[in-house]
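K.L.:
What follows is the residue order along each chain.
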Amino acid sequence: MTLSRRKFLTRSGLLGCSLAASPLITPVSLAAAPWDQRLVVIILRGGMDGLDVIRPYGDPGFAGLRPGLAAQTGLDLDGYFAMHPELAPLMPLWRQEELGFVQAVSTPYRDRRSHFDGQDLLEAGTLGLGERRDGWLNRLLQLQSGVAARTAFAIGHGDLQLLHGAAPVSDWSPDADLALSPQAEHLAGLLMQEDPLFSEALSEALALSRSDGEERITGAAGSDSAEGAMGGMMEMPRATRGKAHLKLAEFAAKQLRGDTRIASFSLNGWDTHSNQKRSIGAALKRLSGCIWALKRGVGRSVWGKTAVVAMTEFGRTVRENGTGGTDHGTGGAMVLAGGAIRGGRVYGRWPGLEEAALYNRRDLMPTGDVREVTAWIMRGLTGTRQSDLEQQVFPGLQMNQDPGFLR
Amino acid sequence: MVFDPELAEIRFGCGLSPSISPLASREAMLARLQGPDRAAEQFPIAGTETILASVSDFARLRKLRRTKAGSSEAKQAEKDFKRFRRKHLQQRDLWFRQLLLRHVTTQDSFRERLTLFWADHFTAKGKNRAMQPLAYGYIESAIRPNISSRFEDLLIAAVTNPLMLHYLDQFRSRGENSALNKRQGGRGGLNENLAREVLELHTLGLEGPYDQADVRQLAELFTGLSYRVNKGFLFDEGMAEPGAETVLGRVYGGAEAELEPVLQALRDLARHPATADHIAWKLAVHFTKDQPAPELVAALSAAYRDSDGDLAQVYDVLLNHELSWEPELGNVKPPFDYMASACRGLGVDPAHLTGWKPKQMRQNFIAPLRLMGQAWQSPVGPDGWEEADAAWITPQGLSARLRWAMAAPRRLVEALPDPTDFAGHCLGSRANPWVMFVASAAETRAEAIGLVLSSPAFQRR
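Those sequence lines, one after another, are chains A and B. Mapping to the working numbering: the first sequence position 68 is 68, numbers consecutive. Mapping to the working numbering: the second sequence position 79 is 1079, numbers consecutive.
What the hints contain is simulated information worked out from the structure, not anything from laboratory work. Cβ coordinates follow ideal geometry from the N, Cα and C atoms, glycine included. Among these hints, one or two may not hold up.
What the hints assert, rightly or not - In silico lysine to aspartate or glutamate, EDC-like type, Cα no more than 16 Å apart, as pairs:
1. B:K1125 / A:D117
2. B:K1289 / A:D195
3. B:K1079 / B:D1093
4. B:K1289 / B:D1421
5. B:K1282 / B:D1383
6. B:K1282 / B:D1120
7. B:K1063 / B:E1078
8. B:K1127 / A:D117
9. B:K1289 / B:E1260
Said to hold, decoys possible - To list a few chain A residues with every Cβ distance to chain B over 10 Å, as calculated:
10. P85
11. S173
12. R238
13. K305
14. W376
Given only the sequences and the hints, what does the whole structure look like? Please build it.
P.N.:
Quick look at the structure:
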């Protein structure tokens, strides 16, 4: 069978009518989300040095352990802890009690200090490695009713294992934008119309590509190469560099203004073995940029019910090393932000820095579990039962007393 | 049952090509598997031993950098290490090209598909930069030569390869009562990781008849499986737990720690009926569809059991079963297979890619693969890549496929082919009227080619 152009135009006209009412054209409409509060989980990959971010300058041992790193004065928070100077943009949030920290926490991961295993465990949310294949944030979704694909978003290209699992999750990256010429878009729709898996993914991809409100590039104005500009053709797909982190946060905010309740993305660059002053400064700038982008992006009323939780696979050695950096350690810190957070304080039980108080005489002793902090926050946001959090979401976790992380 | 060479090449091979005609019969496909591995000869990839030697150099230079720190030779040591590290890692991009070209040019394409299938079944990857390139050598040495052997030979080759022992932490697992542990005052301990995955993923399957006690016992039996970067695999008696272990009711080993009982346990696991069912299910899912016909699974499992896991006989049943040949295309190609079949459909000339630098390979293939959801040789867990079509055709994944399909072909061939000819070449009789129309109606040749490659008819097999 062959189709003449004329015949095609007639048929596509008819198709056009029916397509307009189909999911191919209209954005998928969404069921009401199961709860109203918003949760953003940021995975800080590489092992954030909690002692440099929230500096325990009141501890008599601190300055001696970090002669280079602690030389520059931090921003005093409470007379004992000070923020890293690069977090200055977040000072207003601290004052409004929309920013808090948890010190001396870790996952149950010990001793091997491998990024790979540390991140696996952080995202699996289990006591040991290899116990579960899905991630804890997906298991939270599995417990709720009324979860639709857009309830939770995994944003960016990295694997977000914490959202892997049986519950539906949307994945998108702002630089995945599909910018087809109108004709190519139309033809792609035709090709895929009889295959629901493809046609639904295509319409969702096109809707998401349009949703970030930027001028779409159909090749001509690409940043790639003269080749692309001359040929008026598409660029090779690649991850964006530069301010990509802000795009992640802006995209998250945009979704959270709607029916999305959970968004997660990663920020890399925390593995500061040398010249930490510079490298952690850049990473913190990205983190504070993201927090601000989220706050601005969701707007005042949604920010009021938002909790941002940033966590890392492990902390770093308490002693500065020979190259102006720190090595893989154990106890670390979490960053909490958002209008739903009861901020303006540093949570956690401070273990002290004298040699006997350290873990293996080298790392900050963890006195709390990252999973417990997260579980209490999720309990408050979603109303999930404590027993479900302890047995399903974080198997084997014991939630002791609620420290009251939420307002 | 009439044999459809086109469908055979699409479903069981690497896709249609304008210059390579598909094999004419099932017998020819099976016979090729028993013949010489011409693709590997033509496009060689280093084996485990060669890459381990490079890992060893990597470790030596890294150590030198550390010991020279602060001395006058520090700068040179740093430079030497970094230069070597770059070269060590870039080898991967060049081997990727070899792998791709095997898919593009081979006539023995069922072999390529089976190699990918088994490499995924026995997923292993390097957990640090030094070890990462070994993924290629592992597949080349342990997987590829054994894809038509008995399953037990494949299992033993995979489980005793240094990469697997590294990936699933076996090399540091030691018995509580091992000589080494006693000498070091009980500092180390048992690691169950490999034992668990052998039972759950490699042999019996998640639903298999084993419990935690079997995992523990198998982990104790496995103690001693180890490797050295400069020697390769070895059985380290000093790490082995003394005494016998009982796995699935059978007793292995005695007072002396030896390798043979470990291998016997692996052979017994390989011949277990639950393993037959598990392997049969996986093959049927991979080569037909996400929910395969139970009759096909049963036939494969029976062939496996009757032959004690002779994989050649299992493939024979797979290719001769009616339910393997349902005319409607089923599975979505995973990203690598998608790209490779696109290159094959375009008739990419190996000489065209020969001059490509590692960076070009990364930009045009490795980076887009990641955007399609397949970070090459780095699946999230030991269970490997997803089989479900829906795992790949997500909004993000499909967007990356479309963008690659529109942008890559003009870089891969001297001149883009006529789009309707191209549709005919890479889809054969499955070039439906919609595809043919779209190929003629697009505004540019690059868009037309990209759209043909984006059609479900090309993306499924």
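K.L.:
Next, verify each hint and record whether it holds.
P.N.:
Checked hints:
1. This hinted pair checks out: K1125 (chain B) and D117 (chain A) have alpha carbons roughly 13 Å apart, not beyond 16 Å.
2. A hinted pair counts as satisfied when its Cα atoms are at most 16 Å apart, and K1289 (chain B) with D195 (chain A) qualifies at roughly 15 Å.
3. Of the pairs offered as hints, the one joining K1079 (chain B) and D1093 (chain B) is violated, with about 22 Å between alpha carbons and a cut-off of 16 Å exceeded.
4. Pair hint K1289 (chain B) plus D1421 (chain B) does not hold up; C-alpha atoms about 29 Å apart against a cutoff of 16 Å.
5. Under the criterion of a C-alpha separation no larger than 16 Å, the hint pairing K1282 (chain B) with D1383 (chain B) is consistent with the structure, at around 12 Å.
6. Our distance criterion of 16 Å between C-alpha atoms is met by K1282 (chain B) and D1120 (chain B), whose separation comes to about 11 Å.
7. Straight-line distance between C-alpha atoms of K1063 (chain B) and E1078 (chain B) comes to about 10 Å, which keeps the hinted pair within the 16 Å bound.
8. For the suggested pair K1127 (chain B) and D117 (chain A), the alpha carbons sit about 9 Å apart, so the restraint of at most 16 Å is met.
9. Distance restraint check for K1289 (chain B) and E1260 (chain B): the Cα-Cα separation of roughly 39 Å exceeds the 16 Å cut-off, and the hinted pair is therefore not satisfied.
10. No beta-carbon of chain B is positioned within 10 Å of the beta-carbon of P85 (chain A); the least distance is around 29 Å.
11. In this structure S173 (chain A) is not separated from chain B by more than 10 Å, as the shortest Cβ-Cβ distance comes to only about 6 Å.
12. Not every beta carbon of chain B lies more than 10 Å from that of R238 (chain A), the smallest distance being close to 5 Å; the non-interface claim is violated.
13. Even its closest Cβ contact with chain B, about 27 Å, leaves K305 (chain A) beyond 10 Å, as expected for a residue assigned away from the interface.
14. With 10 Å as the threshold on Cβ separation, the claim that W376 (chain A) sits away from chain B holds: the shortest Cβ distance comes to roughly 28 Å.
The structure fails hints 3, 4, 9, 11, 12 (numbered hints given earlier, in ascending order).
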